[in-house]
Amino acid sequence: MMKKFRFSLERVLEYRSQVESARLRAFSKAVEVFQRRQEELRKLGDEMTNYRTRLAEMGVGKISANELARWRSYLSHCEVGVARAARWMMEAAGEMEVKRRDLVAAKKDTRVLERLKEIKREQYDYEAAREETKVLDEVAAAGFVASRASGGELT
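Going left to right, the sequence shown walks through residues 11 to 165 as this note's numbering numbers them.
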C-alpha cells in the first residue's frame, strides 16, 4: 500500500499563496488611491470649468475690476490645484503599475508550484494505480495457482 500523497513543496506553495494575497491587497489599495486621485482631478476640472463659464457669462462690463481680479485669482488657484491633482494621479498610476507587475509575478510563482503539484499528483495517482493493478494481479495469480494445486478447474 502506498503512502498518502504529500507534496514536498507544500509549505513553499502556501507561502507563495500568502505573498500573492498580500500583493493583491496592495494592488487593490493602489487602484483605490488612483481612482480617488482621478475623481479629485475630475472634480477640480469641473469646478474650474464652471467658474470659467460663470465668469464668461458675467461679461466684462458687468463686474468690477476688484471682483474680476478675485475671480481670476481663484481660477489661478484652481489651475494650480488641477496641476497638483494631475501630478498626484500620475504618481498613483505609476504606483498602481508597479503593484500590478508585482502581483503578476507573484501569480506566476504560485502557478508554477501549483502546476508542479498537479504533475506530482498525477504521477502519484499513476503509481498508485500501477501498484493496485500489481496487487490484484498477484492475488488473481495466487488464486489460480491455489485452485490448480487443489485440483480444481477454472471455468
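Source of the hints: derived by calculation from the structure; they are not laboratory data.
Since this is a predicted model, take the numbers as computed values, not measurements.
Hints may contain errors.
[Claimed, not checked] Just the calculated beta-carbon pair ranges, DEER-fashion:
#1 Arg-35 x Val-122: 53 to 59 angstroms
#2 Ala-115 x Arg-64: 48 to 54 angstroms
#3 Gln-48 x Ala-75: 53 to 59 angstroms
#4 Trp-81 x Ser-27: 28 to 34 angstroms
[As the list claims (entries may be wrong)] Listed below are the simulated DSSO-like cross-link pairs for lysine-lysine, each with C-alpha atoms no more than 30 angstroms apart in a straight line:
#5 Lys-127 x Lys-14
#6 Lys-130 x Lys-117
#7 Lys-118 x Lys-14
#8 Lys-13 x Lys-144
#9 Lys-144 x Lys-130
#10 Lys-39 x Lys-144
#11 Lys-39 x Lys-130
#12 Lys-127 x Lys-117
#13 Lys-53 x Lys-118
#14 Lys-127 x Lys-13
#15 Lys-53 x Lys-72
#16 Lys-144 x Lys-53
#17 Lys-14 x Lys-39
#18 Lys-39 x Lys-53
#19 Lys-14 x Lys-117
#20 Lys-130 x Lys-118
#21 Lys-72 x Lys-144
Glycine included, C-beta positions come from ideal geometry on N, C-alpha and C.
Hint-by-hint comparison with the structure:
Remark: the range hint 53 to 59 angstroms for Arg-35 to Val-122 is contradicted by a beta-carbon distance near 22 angstroms. A C-beta distance of roughly 50 angstroms is found between Ala-115 and Arg-64, which places it inside the suggested range of 48 to 54 angstroms. Restraint check, Gln-48 to Ala-75: a C-beta distance of roughly 37 angstroms breaks the suggested window 53 to 59 angstroms. For Trp-81 paired with Ser-27, a C-beta distance near 57 angstroms fails the hint of 28 to 34 angstroms.
Among the hinted pairs, Lys-127 with Lys-14 is consistent with the structure: their alpha-carbon atoms are about 14 angstroms apart, no more than 30 angstroms. Distance restraint check for Lys-130 and Lys-117: the Cα-Cα separation of roughly 20 angstroms lies within the 30 angstroms cut-off, and the hinted pair is therefore satisfied. The straight-line distance between the Cα atoms of Lys-118 and Lys-14 is roughly 28 angstroms, inside the 30 angstroms bound, and the hint therefore holds. Simply put, Lys-13 and Lys-144 have alpha-carbon atoms about 16 angstroms apart, close enough for the 30 angstroms limit, and the pair holds.
With a C-alpha separation of about 21 angstroms, the suggested pair Lys-144 and Lys-130 falls inside the 30 angstroms cut-off, and the hint holds. As the CA atoms of Lys-39 and Lys-144 are separated by approximately 56 angstroms, the hinted pair breaks the 30 angstroms bound. With a C-alpha separation of about 36 angstroms, the suggested pairing of Lys-39 with Lys-130 is violated against the 30 angstroms cut-off. Between the alpha carbons of Lys-127 and Lys-117 the distance comes to roughly 15 angstroms, so the proposed pair stays at or under 30 angstroms and holds.
Using a Cα cut-off of 30 angstroms, the hinted pair Lys-53 and Lys-118 is violated, with the two alpha carbons roughly 38 angstroms apart. Taking the CA atoms of Lys-127 and Lys-13, the gap is about 16 angstroms. The hint holds against a cut of 30 angstroms. Restraint check for Lys-53 and Lys-72: the C-alpha separation of about 28 angstroms stays at or below 30 angstroms, so the hint holds. Taking the CA atoms of Lys-144 and Lys-53, the gap is about 74 angstroms. The hint is violated against a cut of 30 angstroms.
Under the criterion of a C-alpha separation no larger than 30 angstroms, the hint pairing Lys-14 with Lys-39 is inconsistent with the structure, at around 41 angstroms. Distance check on the hinted pair: Lys-39 and Lys-53 sit about 21 angstroms apart at the alpha-carbon level, within 30 angstroms; holds. The straight-line distance between the Cα atoms of Lys-14 and Lys-117 is roughly 28 angstroms, inside the 30 angstroms bound, and the hint therefore holds. At most 30 angstroms may separate the alpha-carbon atoms for a hinted pair to count; Lys-130 and Lys-118 meet this at roughly 18 angstroms.
A distance of roughly 102 angstroms separates the Cα atoms of Lys-72 and Lys-144; the hinted pair therefore is violated under the 30 angstroms criterion.
In this structure, the hints that do not hold are numbers 1, 3, 4, 10, 11, 13, 16, 17, 21, in rising order.
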